[in-house]
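Novice: In order, the protein sequences belong to chains A and B. When we follow the working numbering, the leftmost residue of the first sequence carries the number 1, and every step to the right adds one. When we follow the working numbering, the leftmost residue of the second sequence carries the number 1, and every step to the right adds one.
Note that these hints are calculated values from the structure, not bench results. Be aware that one or more of the hints could be misleading.
[Stated by the list, open to error] Here are the in silico distance ranges between beta carbons for each label pair:
1. B/D152 / A/V91: 54 to 60 Å
2. B/S55 / A/K78: 35 to 41 Å
3. A/K152 / B/Y103: 25 to 31 Å
4. A/L69 / B/G27: 44 to 50 Å
5. A/L58 / B/L57: 51 to 57 Å
6. A/L229 / B/T15: 53 to 59 Å
7. A/L69 / B/K195: 42 to 48 Å
8. A/A157 / B/L57: 31 to 37 Å
9. B/E5 / A/P232: 54 to 60 Å
Ideal placement from N, C-alpha and C gives every residue a C-beta, glycine not left out.
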Amino acid sequence: MRRITSAVVLLAVWACAAAVIHSPLLPSPLAVLREAMSLFAESDSYRHIAISFFRGILGLSLALTTGVLLGLPCGRHKTMMDTIAPLASAVQGCPTIVWITLVMVWAGVGGIVPITAVVVAAAPVIFLNTAQGVAALDRRLLVMAKLYQVPKPRIIADILLPGIAPYLLAGFAFAVGICWKVISTAEFIGSDTGIGTQIYWAYRNLNIPRLFCWALLLIMFSLVLDAWLISPLSSLVRTQRSQHND
Amino acid sequence: MIKLESVTYSFGTKTLLSSFSFSACAGEIVCFSGPSGSGKTTALEILAGTLHPASGLRSTTALRIGYAFQDDCLIPWKSAQENLLFVLAGRPRREQAKETCTYWLAQFLLGEASAKRPAQLSGGMKRRLNIARAFCIEPELLLLDEPFAFQDESAASLIAGQISAAAARGAAVIYAAHEPDFSLFPSLRAVPIAKL
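Just need the whole structure built from these sequences, with the hints factored in.
Specialist: Below, the structure is given as structure tokens:
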């Protein structure tokens, strides 16, 4: 209910501002809706949406794999952590635009630019969170599991993953949050397909209603992923935590 | 069954065990006694193989070692039954694992708490769950750290009964306590561990 109220208020403020300013640079919600209908009538739009979505999922998957695979051993071995953590911090601290430029120089424009941009933006956060989760894990549980000769897959499934889940989820939620911003920026600069490219052409043609359509679509991507993926996972972890903290 | 030869263990600058030798046979009940900080838990951890001594030798013929940890070491997000099932995961006769868990939970008066998580159990129940976990793997060597802590008289005699039964089945039982209680186990061998 609160979300609907918030959306209605935002829409009202936007409509009022568009009516007062009355400029093609700030289209009304109705003009954007009309443009959206024409945009979704074009089959090419779906191709760009699918491409961006695929790049986002692939980039997130690669970031998740890299971050978790590096974070698991680093959380257990301090020397390894001390070696890799500064590199992860450096990668995280480097502006995404620098990575986009470098990948364009090294590999040219195309799909590799947005995918690499997502990986370098998200993997360090997932890595640091995973390592933090492993480091915070009660080592005695691992000692107990080893003493009772519990198979490794069970140790991973029953101790390691539930133990690091809150940390991993926080990192993943951050990655999903930034994913579409990074993808669209990288596509705007270094690709000839995807939503970011369409934003570029809307800007070049000064088609502001269309620019608004793409922006709203990106916001919806984030909201849908948050509502259907991050929120259910968060409440699952919260339930688990509250049950063992009763 | 198990043997320690001239074992020395230090933590920082503090020596907890110095040239400690010990052996136990199948069916024997041994009590490591001594004041807090004397090294009873350290000796049990070395016997369990979870701690490695700075020098000396540990040898054992036991394939299954059940260890009731001093800090209970229960998985917080799993129920009492799941905590027992976890240690049975890699063992044969997995189809009987649930029945085994139910049996041992009942033996330690935890039948009604099988669905509860450790945080929902009292200190005494947690300790009994920790002990039940050590028993459920049918250990050849049973190591129990302060098994009677947080227990009332009836629960303590129940645990003592289970310890005697395990020894009668052929397990070597070694437990740590401040004082050995010969009234619980007439054939008890006490091994005093002095504070260094």
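Novice: Tell me, which hint numbers fail for this structure?
Specialist: 2
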